[in-house]
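Peer 1: So the sequence lines, in the order shown, correspond to chains A and B. Mapping to the working numbering: the first sequence position 56 is 64, numbers consecutive. Mapping to the working numbering: the second sequence position 78 is 80, numbers consecutive.
It should be emphasised that the hints constitute simulated quantities derived from the structure, not laboratory data. Please read all numbers here as calculations on a predicted model, not as lab measurements. Where a beta carbon is used, it is the ideal one built from N, C-alpha and C, also for glycine. Wrong hints could be hidden among the right ones.
Said to hold, decoys possible - If you want the ones that stay clear, here's a sample from chain B, every Cβ over 12 Å from chain A, calculated:
1) R63
2) L73
3) M74
4) Q141
5) G142
6) Y143
7) W204
8) L206
To be verified - Every beta carbon over 10 Å from chain B, so not counted as near; a handful from chain A, in silico:
9) N55
10) T59
11) F70
12) F73
13) E140
14) I141
15) V143
16) I231
17) P232
18) V234
19) E248
Unchecked claim - Here are the simulated SDA-like pairs of lysine to any residue, each with C-alpha atoms no more than 25 Å apart in a straight line:
20) B/K96 with A/P18
21) A/K144 with B/S251
22) B/K96 with A/L33
23) B/K230 with B/L149
24) A/K139 with B/F42
25) B/K96 with A/L30
26) B/K102 with A/Q276
27) B/K96 with A/I14
28) B/K96 with A/L22
29) B/K102 with B/L199
30) A/K144 with B/A38
31) B/K102 with A/R16
32) B/K70 with B/F45
33) B/K96 with A/I28
34) B/K51 with A/I137
35) A/K139 with B/N247
36) A/K139 with B/A34
37) B/K51 with A/V133
38) B/K102 with A/I28
39) A/K144 with B/A34
40) B/K96 with B/G176
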Amino acid sequence: MGRPLIHRSPMPGLGLSMGITLTMLSLVVLLPIGALLLKGATFGIGNIWDTVNRERVWAALFLSFRLSLFAALFNLAFGVLLAWVLVRYRFPGRRILDAAVDLPFALPTAVAGIALTALYAPNGVFGGIAKEIGVKIAYTQWGIFIALIFVGLPFVTRTVQPVVEEIDREVEEASATLGASRLHTLTRVILPMLAPAALTGFALALARAVGEYGSVIFIAGNIPLVTEIAPLLIVIQLEEFNYDAAAAIGIAMLLISFAMLLIINLIQVWSRRRIGYV
Amino acid sequence: MSETRTFTFRPATEETPVVRWLLIGLAVLGIAILVAAPLFVVFAEALAKGVWTAVQSLGNRDALSAIKLTLMIAAISVPLNAAFGIAAAWFITKFDFRGKAFLITLIDLPFSVSPVVAGLCIVLMFGANSLVGGWLVAQGYPIVFALPGIVLATMFVTFPFVARELIPVMIEQGRAEEEAALTLGASGWRTFWTVTLPNIRWALLYGVLLCNARAMGEFGAVAVVSGKIRGQTATMPITIEMLYNEYLSIAAFSMAAVLTALALVTLLLKTALELRHADELAATRRH
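Build out the structure end to end from the sequences listed, making use of the hints.
Peer 2: Pasting the structure below:
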């Protein structure tokens with residue numbers, strides 16, 4: 009017999025809620041993604057490979073993923089620090105700091121893009137300081153790195169914060185009683201407890217950074233092979249009405265993002281199992 | 003003994019004050035550089051030639067049309083996504099069916115898709131060259147490079163916001179209250195309006211708030227589908243890009259300042275909701 013597809017329930021509204029959910033999901037998300045995959049299928053795997061397998065495309069894909077990884081790693085470290093400070097310490101302005109963490113979620117990416125460019129351009133405040141010591145930030149890979157840190161900033165903090173709140177102080181007391189130094193307790197007891205949540209935040213920040221467009225294109229300079237990100241290549245192909253090439257690069261990005269999410273999910277499952285709790 | 007000495011003990015579960023203030027300092031410095039500085043720059047650049055110049059730059063026809071378009075897009079896409087979020091949360095939390103986890107994954111999908119790829123998908127589905135889009139254009143209803151396309155792209159990138167907020171809250175609240183109402187003879191709709199909705203209203207507002215902020219500020223997906231026709235399909239973020247690329251710095255930053263003010267109001271309301279209704283929100287307990 010097997011399990012029934014939908015269990016009988018006295019709750020009303022099954023047809024209506026299921027209908028709205030599946031119709032809108034299909035119309036807004038699934039059919040458009042299907043259209044991309046269909047375009048790829050008619051274009052052919054060989055042609056997709058030929059489109060992607062060019063120096064300029066590889067350079068853009070490699071740049072996007074490398075800088076996204078670095079930015080997500082920075083956000084992993086800074087996000088755990090922020091979560092710890094916000095939950096454990098009491099200091100004036102804590103609530104403002106807490107609210108400020110979410111600004112990158114609320115601020116439109118185009119606004120962030122022009123603001124960061126104004127700040128880090130050679131005639132900007134931070135860009136001027138950097139110029140003094142001979143570093144160029146805007147219109148180089150450093151600029152992209154900073155923009156990607158900005159958009160991914162809240163993810164790790166927001167996933168780790170609730171976990172820090174729930175840490176049982178007795179665990180830390182036990183560790184201290186057994187003779188561990190505070191540093192030892194932090195690195196061997198606390199950090200492993202935060203690891204799964206931190207990894208989730210890291211994965212979200214990474215996924216966001218890889219696809220990011222608005223905050224990056226202003227500060228990037230968009231020089232082919234040097235500071236050209238993968239999403240920009242799609243926009244360029246679309247502006248030339250080259251839909252096949254745009255679809256090919258889009259599919260490549262989609263596949264790499266999904267592969268990354270899968271790998272990170274596996275790491276998460278593994279780390280949870282190793283630490284022994286969910 | 004003539005003097006009394008007081009000993010202060012540091013609990014073993016705390017860091018030394020030096021370490022503590024060092025960490026707080028790092029956090030504050032990081033946020034000041036990464037978040038506060040860009041925020042400050044937006045207003046400083048907008049007001050570089052005084053308030054009047056900034057206000058004037060928002061008064062022309064194209065700027066006003068961009069503001070109107072952005073408000074219109076939010077007014078269409080946010081309620082539609084809220085309706086979807088409520089329906090999806092009801093379907094997922096009030097019924098047991100196979101493939102529930104898969105359905106939730108599909109709803110979350112837009113978060114892991116680049117906005118540019120999202121826009122590309124809409125173009126390939128509804129563009130004039132596609133099967134569906136070509137037919138619609140022939141009927142006189144163009145989707146891409148027009149309002150419906152921008153609304154669809156906006157809905158794609160904001161799709162999970164409300165559902166993600168409601169599902170954890172409704173799972174926690176269970177079905178007992180609704181079952182009681184139904185047993186007492188209330189109709190399905192009455193149960194929803196008088197039992198479910200009051201329980202989820204703050205979570206719903208929270209989701210709508212985040213959805214709205216993203217809807218008004220979306221750039222990547224809209225840039226692909228809008229066609230950037232001045233006065234017609236140029237939203238506020240698109241207009242910011244066009245003005246900035248034309249070196250009209252004051253005008254670009256003035257419009258950016260309007261969106262920044264909106265972001266600040268969103269954060270303020272969000273923080274107020276978190277302080278007052280923490281136990282009715284999913285965000286404050288999210289893992």
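Peer 1: Hint by hint, say whether it matches the structure.
Peer 2: Evaluation of the provided hints:
1. R63: holds (21 Å)
2. L73: Given a closest Cβ separation of 14 Å, the condition holds.
3. M74: Its Cβ never comes within 12 Å of chain A, the nearest being 17 Å, so this holds.
4. Q141: Label holds. Min Cβ-Cβ 17 Å, cutoff 12 Å.
5. G142: The claim stands: B/G142 keeps its Cβ more than 12 Å from every Cβ of chain A (closest is about 20 Å).
6. Y143: holds (15 Å)
7. W204: The claim holds: B/W204 sits with its nearest Cβ about 17 Å from chain A, beyond 12 Å.
8. L206: holds (15 Å)
9. N55: Label holds. Min Cβ-Cβ 15 Å, cutoff 10 Å.
10. T59: Answer for A/T59: holds, closest chain B Cβ roughly 14 Å.
11. F70: holds (16 Å)
12. F73: holds (12 Å)
13. E140: holds (17 Å)
14. I141: Given that every Cβ of chain B is farther than 10 Å from that of A/I141, nearest at about 16 Å, it holds.
15. V143: holds (15 Å)
16. I231: About 16 Å separates A/I231 from the closest Cβ of chain B, which puts it past 10 Å; holds.
17. P232: holds (17 Å)
18. V234: Non-interface label on A/V234 holds, nearest chain B Cβ at 20 Å vs cutoff 10 Å.
19. E248: Correct as stated: the minimum Cβ-Cβ distance to chain B is 13 Å, above 10 Å.
20. B/K96 with A/P18: Given that 25 Å is the threshold and the Cα spacing comes to 10 Å, the pair holds.
21. A/K144 with B/S251: holds (21 Å)
22. B/K96 with A/L33: Given pair B/K96, A/L33 holds - Cα atoms ~19 Å apart, limit 25 Å.
23. B/K230 with B/L149: holds (11 Å)
24. A/K139 with B/F42: holds (21 Å)
25. B/K96 with A/L30: Since the Cα atoms of B/K96 and A/L30 sit roughly 16 Å apart, the hinted pair holds (cutoff 25 Å).
26. B/K102 with A/Q276: holds (21 Å)
27. B/K96 with A/I14: holds (11 Å)
28. B/K96 with A/L22: holds (9 Å)
29. B/K102 with B/L199: holds (23 Å)
30. A/K144 with B/A38: holds (21 Å)
31. B/K102 with A/R16: holds (15 Å)
32. B/K70 with B/F45: Between B/K70 and B/F45 the Cα gap is close to 22 Å, so the pair holds against 25 Å.
33. B/K96 with A/I28: This hinted pair holds, its Cα atoms lying about 15 Å apart.
34. B/K51 with A/I137: The given pair, whose Cα atoms are some 24 Å apart, holds under the 25 Å limit.
35. A/K139 with B/N247: Cα-Cα ~23 Å, so holds.
36. A/K139 with B/A34: holds (20 Å)
37. B/K51 with A/V133: It holds: about 18 Å lies between the C-alpha atoms, which stays within 25 Å.
38. B/K102 with A/I28: Holds. B/K102 to A/I28 sits at ~16 Å (cutoff 25 Å).
39. A/K144 with B/A34: holds (21 Å)
40. B/K96 with B/G176: Distance ~8 Å between B/K96 and B/G176 Cα, so the pair holds.
In summary, this structure violates none of the numbered hints.
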